[in-house]
Each structure stands twice: as C-alpha cells, then as structure tokens.
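Student: The whole structure should be built from the sequences, with the hints applied where relevant.
Under full-length UniProt numbering, the very last position in the sequence shown is 301; numbers go up by exactly one each time.
Quick caveat, the hints were computed from the structure, so don't treat them as lab data. Where hints are given, some of them may not hold.
[To be verified] So the derived label-pair ranges between C-beta atoms look like this:
1. Thr166 to Phe77: 37 to 47 Å
2. Thr301 to Asn160: 20 to 30 Å
3. Thr225 to Asp192: 20 to 30 Å
4. Lys253 to Met48: 48 to 58 Å
5. Pro155 to Pro49: 14 to 24 Å
6. Glu251 to Pro49: 51 to 61 Å
7. Thr301 to Gln203: 17 to 27 Å
8. Glu117 to Leu223: 34 to 44 Å
In this text, all values refer to a predicted model and were calculated from it rather than measured experimentally. All residues carry an ideal CB built from backbone N, CA and C; glycine is no exception.
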Amino acid sequence: MSNDPKGILLESGTNELEVIVFSIGQGVFGINVMKVREIINPLPVTKMPNGHPNVEGIIRLRDEVLPVVNLAKVIGFPPSESPEQDKLIVAELNKMKVAFHVHNVSRIHRISWEQIEKPTKLSQGLEGSTIGVIKMEDNMILLLDYEKILVDISPSSGINKEEIKTMGPRERSYKKVMIVEDSPILRRLLEDTLVTAGYENLQFFEDGKLAWDHLEKLGKEKLFTQLPDVIISDIEMPKMDGHHLTKRIKEDKLLKDIPVVIFSSLITGDLYHKGEQVGANAQVSKPEIVNLVENIDKLLT
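Tutor: Written out as structure tokens, the structure reads:
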C-alpha cells in the first residue's frame, strides 16, 4: 500500500471514516486514517533509561525525534514472529507525534460509524484499551483507544484539571452542558474539570446517536427548556461521529442555534476544515482544557 494513507478525503458529515487495518500476532486492528501521517519500515531505536515498559525507545525521522510504542506489549500480545514484515505507523494525536510498532499493515477500509459497536464492559474490562469493534463479513477489526494508550504512558498528555486553577476564581454556572464522548475515562476527566470550572449542570452521552436521539425527542415533544445551552462533542465515536452529529444539529430548525464545540485529538488542518463545513461554532484540540473552557465561556455569554 502507499506510504501516504490519506489518498481519499471523505466529504464532511457523512458518518464515514477510513481505517488502516494492521495485525499484531493473530489480532486484527484498525486506526483512523486521519490520525496517521505515514507508514514506514522500522528504524534504529535508541533505548531511553528508565523508560516506560511499553515504549521501545526513540527514533529519528528526518528532523523529528519520536517515541516508539510497542502495541503488542500494550495489549499483552507476544512479540512479532516475522520482524521483517513489521511496520511503524507514525500518528499524530493530542498534539503529539508517535510511532506505533505493529506486525503487519494490510489495507484501508472505508466504513460507516454505524458498523462500529462499542465493546461491552465484560469483553474489554472497565479500563480496556478498545473503543470499538468493526464487524466485517469475514472478521472483526478492533479499534484501540490510542489516546488512552498515550495518556497511560505520559499522563501529562491528557486533560489536567489543575490547569483550570490558572484561570483564577470561577463563578458557578447552571447553564446546561451536553458532553458527547465515548471514552469512560475522558467522561470522568471532563466531569471533574468542568465542575472545577464552575459548570455543574452536565449531561453525558457516550456516542453521537444517543445524543441525537435525545435532542430529537426533546424537539418533537417541545421540551425546549430541557435543551442544552451548549454541546461539546468528540469526533470519533461508534454509531454516529461528531461531524455527522454537528451537521444534523445545524440542519435542524429547532436545534441549529445551539452552539457546538468539537473537542477532539483530531483537530488538524483537514479535520478543522470538515468541522467548519458542518457548522461547528468552535473546535478545540485535546487536551487543551483551558481553551475548551474559554470557548464555552464565550459561547454562553
């Protein structure tokens, strides 16, 4: 396959994504093309003293120094049986660049978010690293929680509610804030952080479809006082992604004036443009929590 994974750009808000499929041992996994910068053959790794056990070391890729994360170790799989086929998937998320060491890269699939099921707590464990299961005709592809993998290695790359304290004393606000986020860990962090920032009237949904069904029900039943004052949405979510959710909100005559903030690890050039196209009022890259709160403040004044 080409080393440039982003050959096809999807239209905005179609509820589709393209997934690069790779293997680790007998397992088949996927990563959103929009996270991937390039796919390369392994480079010499410099080991770092006292490094995290899931980090092999660092590589130099042109003028950049990148950590190499051994995904087999992360998920508890055995080392590669055919190292000559191994690849590094160079990805960018949470404003960090990282190389994920995998055992083989096969192809790109275009799929709908509707094809992605959320794993049950029984199958993945409460703190599991899998955010979705793609049901294909011949097999199942697991979507790993790459943000969680990075935060486990480097907690400073995640949301830090201590940053809110740099904003000084905050007034309490009873404005209704809807948060659409599929990661249980991030939902907890956002709850802690937004309460610290003074926003106490929070309502959480774990995918765009659940959020849309709730909004549509309130609109149909004319329960307008229960509509949120602002919506914060991730992009990558099973069933319905954040771009498609935003598009549907902005095309609905009863809901279109509700401000939508996209809060995602994927706010890059291409994705920022897609967010603009679907009508997002603001877009903030994870983990910039102060920037998120400042945008909420502005939209609610």
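Student: For every hint, state whether the structure bears it out.
Tutor: Now the hints, each set against the structure:
1. Checking the proposed 37 to 47 Å range against Thr166 and Phe77 shows it holds: the Cβ atoms sit about 41 Å from each other.
2. At about 25 Å, the beta-carbon gap between Thr301 and Asn160 stays in the expected band of 20 to 30 Å.
3. Checked against the given bound of 20 to 30 Å, the beta carbons of Thr225 and Asp192, roughly 27 Å apart, stay inside it.
4. Hint check: Lys253 to Met48, Cβ distance near 56 Å, so the stated range 48 to 58 Å holds.
5. In this structure, Pro155 and Pro49 meet the distance hint of 14 to 24 Å, their C-beta atoms being roughly 19 Å apart.
6. For the pair Glu251 and Pro49, the beta carbons lie near 55 Å from each other, so the given range of 51 to 61 Å is met.
7. Taken as a hint, the range 17 to 27 Å holds for the pair Thr301 and Gln203, whose Cβ atoms sit roughly 21 Å apart.
8. A hinted range of 34 to 44 Å for the beta carbons of Glu117 and Leu223 is inconsistent with their spacing of about 30 Å.
Taken one by one, the earlier hints fail for this structure only at number 8.
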